[in-house]
Every structure is written in structure tokens, then in C-alpha cells.
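Visitor: Sequences and hints are given; from them, build the entire structure.
There are 2 protein chains.
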Amino acid sequence: MNNFSFYNPTKIIFGKGEIAKLDTLIPKTAKILLIYGSGSIKKNGVYQQVIAALGKRKVTEFAGIEPNPFYETCLDAVKVIKQKKIDFLLPVGGGSVIDATKFIAAANFYEGKDCWEIMSKQSEIKEALPFGSVLTLPATGSEMNKGAVITKSDTKEKLAFHSDKVFPIFSILDPETTYSLPKRQVTNGIIDTFVHVMEQYCAYSVRNQISDRFAESILQTLVEEGSKVIKNPTDYDIKANLMWAATMALNGLIACGQPEDWATHMIGHELTAFYDLDHGVTLSIVLPGLLRVMKKDKLDKLAQMATRVFGINEGSRGERADKAILAIERFFRTVGAPTHLSDVNLDASCIEPIVERMEKRGWKLGEKGNITPAKVREILQNRL
Amino acid sequence: MNNFSFYNPTKIIFGKGEIAKLDTLIPKTAKILLIYGSGSIKKNGVYQQVIAALGKRKVTEFAGIEPNPFYETCLDAVKVIKQKKIDFLLPVGGGSVIDATKFIAAANFYEGKDCWEIMSKQSEIKEALPFGSVLTLPATGSEMNKGAVITKSDTKEKLAFHSDKVFPIFSILDPETTYSLPKRQVTNGIIDTFVHVMEQYCAYSVRNQISDRFAESILQTLVEEGSKVIKNPTDYDIKANLMWAATMALNGLIACGQPEDWATHMIGHELTAFYDLDHGVTLSIVLPGLLRVMKKDKLDKLAQMATRVFGINEGSRGERADKAILAIERFFRTVGAPTHLSDVNLDASCIEPIVERMEKRGWKLGEKGNITPAKVREILQNRL
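Residue numbers (the numbering used here), protein chains in the order written: chain A, 371 to 754; chain B, 371 to 754.
Covered stretches of chain B, going by a simulated chain A footprint (3 or more residues, C-beta under 8 angstroms):
| no. | segment |
| --- | --- |
| 1 | 383-394 |
| 2 | 569-580 |
| 3 | 585-595 |
| 4 | 599-612 |
| 5 | 616-629 |
In silico DSS-like links for lysine-lysine, alpha-carbon gap of 30 angstroms or less:
| no. | chain 1 | residue 1 | chain 2 | residue 2 |
| --- | --- | --- | --- | --- |
| 6 | A | Lys535 | B | Lys496 |
| 7 | B | Lys398 | A | Lys535 |
| 8 | A | Lys381 | B | Lys535 |
| 9 | B | Lys496 | A | Lys401 |
| 10 | B | Lys535 | A | Lys401 |
| 11 | B | Lys401 | A | Lys535 |
For the record, the hints were derived by calculation from the structure and aren't laboratory data. Everything numeric in this text was worked out from a predicted model, so none of it was measured. Think of the CB as a built atom: it goes at the ideal place given N, C-alpha and C, for glycine as much as any other residue.
Guide: The structure is reproduced here in C-alpha cells:
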């Protein structure tokens, strides 16, 4: 097992009816910026629950955070914060709304020339506005981690930053708020969660029993509940299991002591930045290709996963690894996710701009740093 | 799944050589009380590593914390803190040393008449001294939770308290510090961890996939690594897996959304208080009896555990439950733990004092509050 450190101070409040607890979680005197997306929270009643719980607190609203949140939109929010002397942020929505809030919280105090440096130069965050979240779309894990991904619309760059200063103080997770999610978002959430786990699990083995088995626990839960959820969108326990799975998939826990990959995400981010695909869609397309091209490096884990997650006991390690990749693709299709570039109307011409950018950045991805731009080409060619 | 909240701000630093990081974790100006037990840390080199890492900081030592830490000893430590104007506590040892530190940290500011009220009246803790720990004996999970168990020597009472104020700020877990542990302590640690998991897992099912599978992950790890550790006491990965398993077993994580039992611990505490048995020893004796007597209430979970943890796929639910209990007893004996009162030279006469005390306190234990004193008698009679 590798050495590691683990720290996660976010308080989770989980379950039906828990949005009412906002009243006990936010200071009575807080000047709140309520941050959300396209306004679906007004249709499903979440907005109304939040406003009721906040009572007489001063609330300013900032709507319109995009699904892949734009840097430029975040800067507008910072202006509102300064104007209205906001001292507490309350994102209500999915990972994009929470990610945007993290950037807004940090950008508000950023002293450098250009806030984009938080991503481009990974500048240190010295201070951030406090915030707590109400999650309505389980997928990114942003509700219980310190990372965020922001997109610059003019240069089509999608980059991440991390800081202990942007852990949510609390996050409220009520599975009932996810009943009204469109099928596409449910699918994206399942894929995102699945691939988060794979990035932290499917490298080489370091005899790390707890993190391996915790990861497998999440994968098994996704496979079992993911297959049922489309037909049972208002089954509380199915929704609760998927919601908690998504949080556990990216709160630092299953990374403890493990080598990590993250190449599928890095390639996926470029697909989103260039071709405006949903994040989840890019992942379900890229992952099977990456696993095939990098199979030799991931053989032990793929074979272990075949047995423990998919119940495949027959065959050599190599054969079980192949079967695991097929089982993953089959699962992705079961939940309605695309697995090839042609499924989203992209052809071979989409590949070179991505490879070129990676060459320019000098990126070598993966747990061993051996996923070169040439390998990325191979991976994407596998997905035509 | 039940509603729940989860909060755990302790920072974990895990791995070989990590004790040196104390220097970055404790303020340079801290006046430290170094708290430990019988002095084994001086024989295995841990003490020397700690002192080297602390450098020029002011350190006062307080040795002699008992395996089941005494209230009276803790009060002596509080006197030293006041005398020496200590502002940071550093327990180095196992769960008893960390438990004692939690009580000392809280008792130092307690304003009531008698600090024992922290346990007996569950008085609110308003303030506690900050502390970080160096763990050398994986078992209790105290290094990453907010609970402690303290014993009053004159009245033979062993009681617990919990407070957000007594989370360790950090805990350093170096598996190499556990190489020199005597076999008895390794066994006790495995049993304690196993039973912690069972208390949070083996009640009735609430369709809680993540917590169920995380619990099973820990049980599987204990069964696999526990069987190997006695013959391989200096295998780093075995020791690392057991150490991380113990922390994960009682840091709040696997309790999320679950009904909890804790009757085995409550009965075990009385066996320790009256007959001075090791905590782990009381648990390996009591658990199989409790599972037999309460089998009907725990049928689903026992059958599920039979399949998922012990690979028992044959038979009805009832038969698999019986086989799971037998497999647990067999595992306990494999790691050298006693499973009957006669193994520790106790006979039927040990039972009534415990039943009487529970009657006096009006305790009804277990996840359904149906483990009456009469059931406790039945459980202990099963273990003669």
C-alpha cells in the first residue's frame, strides 16, 4: 500500500426532508448568494424548500451556471458578491453549480492579475468564502471534495483546481430531489461515478485491500442499482444508494494508498471543450478504449474486477480482463450511455485537435505517465 | 436507507516513516503533554522517532495510562496540564491512550462538580484541548472518531462519552510501529475491529448497499489478512491493511444510514469491569452467543454475510445464518481468540452480577431495544 494522507471536513446531512436543516446550518445573520443553474430547482420544489428553510435571512440569487460552468459567468457572480457584500454562498444543484461556487469562493479573494491563474498556474488559494451546498444531481462528488473544473469559453480550455479552502462546510443530500431528473442526467451521473471509481481503482495492484474493496463496493452498487433506476425513478432506496455512491466515489476515500490514473477524464475534458459533449458521455466513450489500449498495465485489476464486480470466474487473467471490459461496455449501454464516437456523430477528424493540444502541453497521462499523445490517438481511434 | 449525518474532520497521515511529519503538524511554540502507556514505545523505537520529530518543542511526559484507562489516572494528567500550562496533547499508543487523552482534553475545561459527570450524565463538552495522535495498536478506531471509554476503578464502571470537540486534529498511522506488538494484542485488535463492524452491520436490512458492502469489505479484509498476520508479523501490507481496516471500522463511515446494535460491546464492558478481561476477549466470547440468541432479528444480514464474506452459497437463509455464526467462531479461534467463558476460567457465577446491574440500570440493548437483562443472561449462558 502506498503512503497517503486523508482529510475531509465536509459535514454530510443525508435523507428525505433534510433541506429544512439549512436553518440550523447557516448563521442567522448570513448574507447569502443562492447560486443555481437553469432553474429546474424551481420546477421540482427544491427552490421552495430552500427559501422556506432560510426564513428571514438576506438572500440574493445568481442563476444561469452552465452544465460545464464558464469562467466568465463565475466572474459575474464575484461582481454581485462585492456589490451586495455577500458572506455565505449556497449552491443548489449538481456538480457544475458546486464547482462554479468553489471557483467563485476562491476568486473573490484572489489577489493576482487574472483569476484564471487559479487553474492555469495552479496558484495557491489563501482564502475563500464559506459555503454549504444542496445537491440535486449525484455525479461529480463535488459536494464532498475540494476540487472543481471550470471552462474558459473563448479558448475552449477546461481545467481543474484543488484547495483545502474550498471544501463545502456542509452538503445536504436528499434523494427525493433527484426523482425528477431527466434520464440523460441520471445516466451521466452513473457513468461519472463509475469512471471516478475506475480512475482510482484500475491501475496496478499495491495489495490495498480496503481501498480495492471499497471501490468494488461502489462499482457493484452502480451495476445493481443503475440497471434498475431507469424503470424506477422514484424508488427511494435505489436513488439513495446511487446518491451516496456518487459522493463516496470522489471524496478522497477510495484513493487512499492507491496509484491513480485520471487519463479518461483528461481526454474526456478535451472532448467536451472541443465538441461540447456532456462530461458523462465523453467518459463512457473513452474508458473502454483506454482499458483496451492500456490492458497490459491494468491486467491484475481488470481480472480482479471481472471476478469481484461481474462474477466472472472462468478463464485466464487476460481473458477475464477482456470480459471485464466487455461487461463494462454492456453496462454502459444498459443505462443508455454511448460507447463510441459515432454514437454522438463524431468521426476520425475529431481526434487530431485533441492529440495536438496534448502534444503542445507535453502531457503524459495515466498512473505510470505512459499515456502519450500517440496513445491518446490510439485510444480514440478504438472508439470510432 | 435511514437518514443520517456524517462529519469527521480528523486528518490521517498513513504510512512508513510518517512520524517525522509531526514537525509540520504541531505548532513550533506548543507546550506538549506526551501521553503514553506502559512504555513499550521506548522499546520499539516509536518514542525516539516522536522525540526526534518534535525537535526543540517543550515536552512534558505522562506515562502509565492503563489498558482500560482509569478515570483517576486521567485526573492526575489534568493536574500536570494545569501545573505546566500545557496547550497540546500528543497521545502515542493504542486506543486506551487516545481514549484517555480525549477525556483529559475535555476534563481540563470541565466546569461541573465532578468530571465523571461527562460519562455518568453525558454532560455537554464545551471546550477541549487540541490533540493529535500517533497510533501504534490498530483496534479501537479512536484515532479517527469522537468517542472514548473510561473506567472508574472504585465503582467498576466502564462508560463512554462522545463529542465533536474531541476528534483528533490528526492521527499518524505507521504500520511498521505495529510489527513488535505481542500476538495477544494483534488478536484483540482484529476481534475489536471485527465486532465494531458487526455492531453497525448486523442488524436488520434497510437496503443500504454502500454501508453494507463497505462493512463486508472490512470483514473480508480481516478474515483474509487476520489469518496470515500471526505467521507474518512484519509483512508491511498485511499490517497496513489491518491498520486501515481498524480505522475504517469505527470512524462513522459504515454507520451511515444503518440501524446499529452495540449490545456485544455493552455486555463486554461489564465483563471487563467485573472480571478485568481484555476488551477484545469479552467481544469474541459474547458475539457468537448474541448472534445465536438474536438470530431471528438478524437473519437477513447473517445470511447475506454468509454468502458475501464467507462464500457460503448453499442452504436456506436460516441455514446460511447458522453457518455464518459457525464461520465467525472458527475465524475467532484461527486468530487465537477465546470464544467461551470457560476459556478464560469463568463459570456460571459470573453472569448474575452483570444481569443485576443491567436490571438496575433498566437497560434494553440492541438495534430494536429488545435485548433485555433476561436475554443477556441467555446470551452469557450460551457461552459457558
